[in-house]
Structures are given as C-alpha cells and as structure tokens.
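Trainee: Each chain is listed here by its residues.
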Amino acid sequence: MTSSVDLRPAGVTDALAEAVAGFRLAALDAAVAHEAKRSLFNVLAVAIGAMRHPGVDAILRVAREAGGPAVAPIVGRSVRADAHFAALANGFAGHVDDYDDTHLATVIHPAASIAATLLALVPLCAPSGEDAMRAFVLGCEVQLRVGVAISPEHYDDGWHITGTCGTIGAAVAAAALLHLDAEATARAIGIAASTTVGQREGFGTMAKAYHAGKAAANGIRAASLARGGFTAPADGLARGFADALAHAHRIGSLAIAFEHDFELAKNTYKPYPCGIVAHPAIDAAVALAPRVPRERIAAVAVHCNPLVPELMGNRTPVDGLQARFSAVHGVTMGLVAGTVGLAQYADEVVNDPLVVALRARVALDPSEAMPRAAARVIVTLDDGTIVTETVEHARGSLERPLTDAELGAKAFALVEPVLPGRLDAVRRAVSDLATSATTDALVAAVTA
Amino acid sequence: MSGALIGFAGNAWAFRERERSAVRPLIAATLATALRDASAPHVAIALGAFPPASTRLRATLIGRAETAGPIDAALFAGLAAADGATLATPVVCAALAAGEAANVPGATLLDAVVAGVEVALRVERALHGHSERGWDVRGTCGRLGAAIAAARAFGLQRVAVRNAFGLAATAAGGLAAAQGTMTEAYVVGSAAADGVEAALLARAEFTAAPDALAGRRGVAALMADGLDADVLIAGLGERFALADLPAVAAVPISDALRDAVAALDRAPTLYALVAATRP
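Sequence lines, in order, name chains A and B.
Residue numbering for the first sequence follows this note's numbering, starting at 1 and increasing by one per position.
Residue numbering for the second sequence follows this note's numbering, starting at 449 and increasing by one per position.
Because the hints were derived from the structure by calculation, they are not lab data.
A portion of the hints provided could be inaccurate.
[Stated by the list, open to error] Some chain B residues judged to face chain A by a derived CB distance under 8 Å, without partners named:
#1 G496
#2 S638
#3 L670
#4 Y719
[As the list claims (entries may be wrong)] Chain A regions said to be covered by chain B (calculated; three or more residues, Cβ under 8 Å):
#5 61-71
#6 146-157
#7 240-251
[Said to hold, decoys possible] Examples of chain A residues toward chain B, derived with CB under 10 Å:
#8 P54
#9 T196
#10 R200
#11 F203
#12 A232
#13 G338
#14 L342
Computed from a prediction, not measured in an experiment: that's the story for all the values here.
Note that beta-carbon positions come from the ideal geometry of N, C-alpha and C, so glycine has one too.
In isolation and in its complexed conformation, chain A is listed as follows (with noise of 0.2 Å):
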C-alpha cells in the first residue's frame, strides 16, 4: 500500500480548499461553462424522467415520517421535503435509470450528487444563479479529480466511485453554496471523507443509486457541521480517504489549480439507460435492427471487452433495474426495437416471453483484443446468413459525443411525459442560470 510510504506533499487538501474559494465562475473557459450546462440540463431531465419510481416514493414515504420542514423542491414533483431527504430523492432520481452522466476515464457519474446537493440548499442559502452554477461545476469537478487521482484501482477495488468521490464533491457543492472560507471548505471535506458511500455489490438493487442521493446528504451534511466549527482531521483526502478507499494511489498529485484541463469538460452522456459499457454492442444492435427480422434471428454472438460480462452479465434479469446489468438484454432490445429506451426497460418488456427467448440467444463473447468503447454483434438468421455490425466508438462516447440536438431529443422523451410542454423552460432555465439573479426559474421548470 502506498501509506506505508508518505511521499505526499502536506497540504492537498488545504490547496484544493484554497483553488476551491478562489473560484470564479467568470474565468471558466466556454467551452467547459458549455458542457457544465448539458450535464445539468441532462441529469435533470433524467430525473424528472425517474420521478414515477417506486425508490422515489419509499424515500418520500420516510421523509413525511421522519423529515423536518419540507421545503425543498423533489424534481418532477409537487411535494417538497427537507433539506436531507430532498438530497436522498433527487439525487436517487438522477441516477436509478442509468441514464445520466458518465466522465469515462473514471467511470463517475458526476451530476446526480451536486444537481441534488443544489436544489437541497436552494431554501437555506438562496443563491444566486452564478452562486448555484459555480458551486455545480466545484462540484463536479472536485469529485472527478479526486477519482482521477484514486482511479482505477478504487473503482476495480470494488467501490461505487460515484457515491465515494460524490460525497467529496457533495461537500465541495454546499460548502459552496454556504460561502465557506478556504479553511472550513477544507474541514468539510475532512468531514465528508468518513461519510462516504459506495460498493458495487448494491448495483442492480435501489442501493446503486441510493449512492448518489446519500453522498448529496453527506456532503451537505458535512459542510453544515464545518460552517459551525466543526473539527475534522487535517488533510482529509491525504490523510486516511485515498490509504483506505484505494490499494494504491496518486492523491498526493491531485490536479489543484482551476484554470485549465477540467474533467467535466470531459462528462459524456448515455444515449441508452444501462451500464455504460455495454452501449458498444447496444450501437451495434440498433444498427443491424432493419436488416434483422426478429423472427429469423438464430443466434447472436457479441464480440465485447471482458468488461462487459464482468460489469453487465446478467443473463436472466427478472426486472428493469437488473436489466440493466444485463448486456444481453440491451443487445436483444436493440435488435427487435431498433432503440433502446426507458421503454425497454420497462418490468414487463423484460419478462416478455418473446424477449426472454431471444436473449437466451445473445452470447457474450469477451475478448482483451476488443477495445472497451468497441463491439462487433454478428446475428445468424435461421437459413444461416450472417449479419454483421461493428462500432468502433459508441454514440454518446468522447470521440462521437451527443449533440446539443441529441440530448435535446433525449430529455424531450423523458421530460414530456412527465411534465408535459416542460422542455423549453428547463433547458432555458439551465441556460441562463448563471446570469441570473436566482434559482427560482430553474426549481419552476423542474417541479410539478
């Protein structure tokens, strides 16, 4: 383990703490104040898709029970809740479908945490738009170099690092929000790294997402207690979080200083609502859809990184959320759907008798030669012609990112049935919300 050795400069912390307070959301570079706007705009319009779940209103149901005030607003709904329970529901919404962002070199994803981490704190510190924006993108940022610096072993370790970095990042968001000086935005995170969450064991249970909205409560949690004083040990990321969180690391190099080189400007967004590494073969699916009779399909062989069965090998789910751990039933709906949405994901689409015979027919064929953002799927129909189709690089990856158009067409489909006409106020509510005076357009376009 690298603690055995301390060859870490003192101080990472307390240098991120400083960057963090130093901060001006005016000397962002376009292009990442661009991208910083998709994510938010993407992850609420993931959220608002998500407002229906059954999570949603297990997590509601306690905070009428236990929760104080409700005066925070729940995406997609009308009921608010307090600043705790806001943080656990909207930042479960933005993660359950699996469908938000993805900051691939580390597999986070980042939004759901701070997007939830902010509409938490809206009644507490009224902020700004500029306020709300800066403490999103210091959100987002922080937790991504924080798992650069752990990645990949935290990740390959078996830890969640969207619920372990999130809680970091959390903290960062509402400190803030809260306009905590240097030194209590350094205890903060001090505090917030004996909090975090995250094992990969809860993936395909509500425990998955359960991550993203506890690390939002955690944060905020935590940087609550620094703003009264509250101690926590010195150098909190040095000290004790990267030994504990990762059998070998690089948190003493952390990236620190805020000018240029941003991960978020490297955030991506899924065009399908599963497990990101299996959208290759998903690609592949979709395309070969019109040249592949449903009826005739033999067999199905795809060619895949081992990631793919590691991470989504589940050949018999039995609802939507294992489904999505389920490379062969993303394949199987690309192929006799031609897209592959929250529709194909539904209980009753992955318990259909047909599907369920025709993913007995996909097989995984796992390969080190196969890049991880390639896939090659090779249908046999029934008279034994072979139909082929490979990616190279998945729709919604770095290297064939989504338009602004694509993720627009994607928010429209899960923001419409929800709350119907909605679309337009919520992405001109992102839109402008760093030049304006309050958050107030942005709740009203995300809430019922």
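Got chain A; can you put chain B on it based on the hints?
Mentor: Okay, now just chain B, sitting in the frame of chain A:
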C-alpha cells in the same frame, strides 16, 4: 453468508436473561455519557446545523427537552455518547431512537440491542485486517449493528431486515484518521443515524444487496483482507460474542437511569427510560 446472520437478527425471538444482562450496562453507560455530554461543543454545533424539527415519528434528544425525527435523534445521541464509544454505542443510540419512535416495550429495546451488538461484534471479529486498513469499526461494524437494532425496533420482517443491513453496509465508513477531532464523534453519530435511516427505508420497501457483507463487492471484499465464516455464524443464537464483552468504561450513572434500565424487561413503554435521559 449474510443470510444466516440476517436469519438470526431478523427473527423475533426473545433473548434470554444471560444476553439481556450483558447489554444493560451498555445501555446505561451509553445514555449516561450522552446525558453528561449533551451540551458539549460538538453537539451544540450539530444542533445549530440541524435544528430539531417537529416530525410524525419522534424521539427525544438525550439531555434536552426537544424531540426530533428518529434519524436525527440517533445522530445527536451518537454524537453525545461518543466519548469512550465502542461499536455498541451506535447500536444503543439507534435502538433507543427507533424504539421510542415505534413506541416499543422495554423488552424489545433490550432484544434489539442484543441482536445489534451481537451482529456488530461478530462482523468485527470475523473481518481480517479491517481496522488495519484505516477504518473505525464503530462506523463500519457499528453501522451494521445499528441497522439490525433499528430493524428489530421497527418490527421488520426478514427481507426488510436484509435490505436495512445492505443499506447500512453500503454506507459503512468512518476513518481512524478522524480520531481526536470532532469528526470522530460524527463517525459514531452517523453510524447510529444511518442504521435508523436504513431501517426506515427498508420498511418503505427500499432494496439493497442481499449479500452485502460477504458478496464479491461487499464489505469484506472492499474493507478487509478476509472474512472468517466460522467466527461470523457458528453457534448463532446459542453462543454469544457479547457474553465476553469487556467491562464498559466507568461513567457516573444516575439512580433514575439505573432503575429504568433495570426495569426494562417489564416496562410496557420506554417512557421511564426516556424520562431518565432528560436534564
């Protein structure tokens, strides 16, 4: 492997006097410490940050007149009881907050603490190299025990107990590096609070990993060098790890608190115990 542990913790059997007698001193010492430190600076900061609110389910804040929701009540109890805390401390704090909110009889509180402490202790002893990796066992094993205790207090059935355990497991945390700062107390308090939160969410049909302790990406795999199955589950319900708990730290205990704890087995409610934690 989590299954056997959940089966033990989730059945509603009453425990015997031998086990109950082992936890009475833990309850008394935890509450006496919390009562003594209820106005300590770190507790005052938390009270300022999270003002007690009027809620449908409520539990009394130890050492104070107000009530709060059971999650916050467990948080404040854990913060106040943190001086000299063991992994039993979050369990007691979660059991009391959940038990008062659910209006359970005294015997249920005792059995919730027995089940929670037994699970916390067995997990701690079964995990190899866990604290050596920098974890504070009160925030990891203590969190699991707190969820079990709260689940019993709320009367959860087996699947819900398993989900509560799974939720607490995925939130297991707390760094030894925080020791000596106020964050150390927060490790204890957040473990108690998360145990109650996990039980309430599980009661509302929230789901979590079925094998959160021994699963391939679960607590043991991520936070320890290994898990000793025998230590974890052998003789569950027959042999009790809590039988050989070290004596709790000496802390002055009022007569009212001592009497209320002694009378728990026969108490129809927790009223007398809660009254003994008022200033």
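Trainee: State for each hint whether it applies.
Mentor: Results of checking the hints against the structure:
no.	hint	result
1	G496	holds, 5 Å
2	S638	holds, 5 Å
3	L670	holds, 5 Å
4	Y719	violated, 20 Å
5	61-71	holds (count 8)
6	146-157	violated (count 1)
7	240-251	holds (count 4)
8	P54	holds, 7 Å
9	T196	holds, 5 Å
10	R200	holds, 4 Å
11	F203	holds, 8 Å
12	A232	holds, 5 Å
13	G338	violated, 31 Å
14	L342	violated, 19 Å
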